[in-house]
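Trainee: Each protein sequence line maps, in turn, to chains W and E. Per this note's numbering, the first sequence starts with residue 5, numbered consecutively. Per this note's numbering, the second sequence starts with residue 38, numbered consecutively.
Hints in this document: simulated from the structure, not taken from any laboratory. Ideal Cβ placement from N, Cα and C applies to all residues, glycine included. Hints are supplied without guarantee of correctness; some may be wrong.
Listed below are the simulated BS3-like cross-link pairs for lysine-lysine, each with C-alpha atoms no more than 30 Å apart in a straight line [stated by the list, open to error]:
(1) W:Lys342 with W:Lys39
(2) E:Lys384 with W:Lys342
(3) W:Lys39 with E:Lys94
(4) W:Lys39 with W:Lys261
(5) E:Lys341 with E:Lys384
(6) E:Lys326 with E:Lys280
Reference listing, derived: stretches of chain W covered by chain E, where coverage requires no fewer than 3 residues with Cβ under 8 Å from a Cβ of chain E [to be verified]:
(7) 150-164
(8) 246-252
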Amino acid sequence: MPTLWFCLVAVMLAGYVILDGFDIGAGIIHLFVAKNDAERRAVLASIGPVWDGNEVWLLAAGGTLYFAFPGLYASSFSGFYLALMIVLWLLILRGIAIEFRSHLSSELWHTFWDVIFAGASLLLAIFYGTALGNVVRGVPIEADGYFFLALWTNLQPGPDAGIIDWYTVLIGVTALVALTIHGALWVALKTDGDLQARSQAVARRFWFIMLPLVLAISVTSFQVQPLLLRSFETYPWGAIFPALSASGFIGVLLFLKRRRELAAFLSSCTFILGLLCSAAMGLYPNLLPSNGDAARSLTVASVSTASYGLRIGLFWFVPAFALALAYSVFVYRHFAGKVGVESPGR
Amino acid sequence: MDSALAIHRLQFAFTVTFHYIFPQLTMGLALLLVVLKTMAVRTGNEHYNQAARFWAKIFAINFAMGVVTGIPMEFQFGTNWARFSKAAGGVIGQTLAMEGMFSFFLESTFLGLFVYGEERLGPRLHWFTSVCVFLGSWLSGYFIIATDAWMQHPVGYATGPDGAIALSSLTGLLTNPWILWQYTHNMLAAVVTASFVMSAVGAFYILARRNVAFGQTFVRVGVISGAIATILLLFPTGDQQGKMIALNQPVTLAAMEGLFSAENGAPLALIGQPDTERGRLDNVIAIPKMLSFLTYRRWEAEIKGLNDFPRDQWPDNIPLLYFSYHIMVGLGTLLIAVTALSAILLKLGRLYASRAMLWILMLAFPFPYIATTAGWMTAELGRQPWLIYGLMRTSEGTSARVSAGSGIFTLLGFLGLYALLGVLFLFLIWREVEHGPEPAKTA
């Protein structure tokens, strides 16, 4: 039963990264691909009706994690205290920037919020990647199940690591590039004309930056966290996740070249989904490995709530998840199609 | 009190108080929007649709503020209250996850449709989206109250050998007897806030001689809903909540009322200052025997005083609790008087011409916010020294590894950021009010 909830939490988190990922990505490229106010309004209009719903996936995933694995929630949130608080402030600034930009028709006002939106999106992508890097690398969990990480120490992913070391930074940069591509493909899907062409160019260029990064994280992750290899040896079928990811990655370039916008975006979704599932699969049954004494790792069994809660939770979670999916499908269909770039005169 | 504990408490208190400025308006306004949309569908009068569109803009700004200030609340359970979360997450995580899954998705989906989709949807479906926004936001309130109710009055749980608290009955958690009156009391308070804000904007328009037709609609809807809700706030919901506290948290009741020694026929203090050193209430103006009557409907009933309980069970800030409670009750009484008087003038057809009453309505809107905040302070200070009543003390719930210094840093960060947000919020709301509802479209 805890394993089932591990999968559900992983699905919720992956859903969050894929959905909010594209609006964060749209924010990262916002200043570079959209050259005038009309184009910037088009970028914002492409995410306007959905970004808020996308962020709900974070809250819902957090809530699910909270009740299924309270020990993990307590340990990791307090351990990454400072980093999480900065994430909160970035989320606040970014949300405000998206919602309040359109309230005044002043150029200064627009530029101000555009920069906040882009900057917060960029930093969030790096922070999320760094967080994932920390989870894969492991943290110095103490005997009572808690830890507190300094922001950085000697920049080595060894037993004295801080939140920032060369490995977590590598993952952070990878996340930034991955979400840049993801967001560019979304904007390309939702717009046309110059804006679309520029977005596609960004996606293509960053694909070639991504290629060495993908190879680098594939090698270094197994080095930094030996558990990954052991897990894939125990469950050889788990290799489908890296394969899925690789096929998505190749698909991005192929479909970009053939100008199949939706297929390219979906390939990017597959790529990200495959990466996250590979990480989850590789860590299982650990939720948060210890980088010291392996017995202190927080595992699916050690931090899950009692079995009644997990069982009864399924009764409401399944219909609620179906409802949430139905709403999401409905909204995306309702707001389907291109958002036009209004001519500057209007 | 050790300083890390004080800072964790302050940070949560500040962030949740600031956050709740926004949902209390959106939850109340969601109901009033349904009222306006229903009037539009019923009468076929475009005037009510224009009114609804104006309030939808105010709603959207408040909603955005509520969302961005709400995310830190869920995070802080883990970041600042790790030991509490580890012990109780299996229980309250259920209601918090349900809030996300059932209400946030519903709310965010239909708010998008409500704000952006009026033309595409047509009047009936647009009315339906307003009902869904209302349901989503009131459902959200229900799950949060269920969470707080469990901390006030834990039910449906079993304690394991390692101190972990495990859920043993989900229906028990969702039908906690504490929920009924706390939920209705709280939601009515939200309606009161929205009613006062709506009538304040309406009164402003009438007094300023702009958008007068809209001003009259806003005042009428605000005064009628406000009059109904303020009375229900006092009776039965407030009254019943007092009884629940008397029954389940008698030491809290004694502290709220500033009653130190037990009395048969206890007086109701209207004014006074609790002196916890000497164990007495200074400068009292009281109604004899009233507290006994209100609590038990018997003039001579015994009410227990603080001295009947060991000191380590006393709420840890009795003066603040006492003042919060008295401010809530005092302002509640004032709000009843204002809405009752306005409703009578409305009935007589003299409200729109009574400039004095309109001035009062225009300036009264901060008071429901203050009363609601004071009410929540009463509930949460009254729960002290417990985090989960009778089960876990507040001092046992903090994150052991997060130092006071880290806490001060982030508390200051929130103070600064929220100060900016507050200014921005007021500026944008003022602009919308200044701009006013869109005039009728020419066909």
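Trainee: Any hints this thing doesn't respect? Which numbers, in order?
Mentor: 2, 5 and 8
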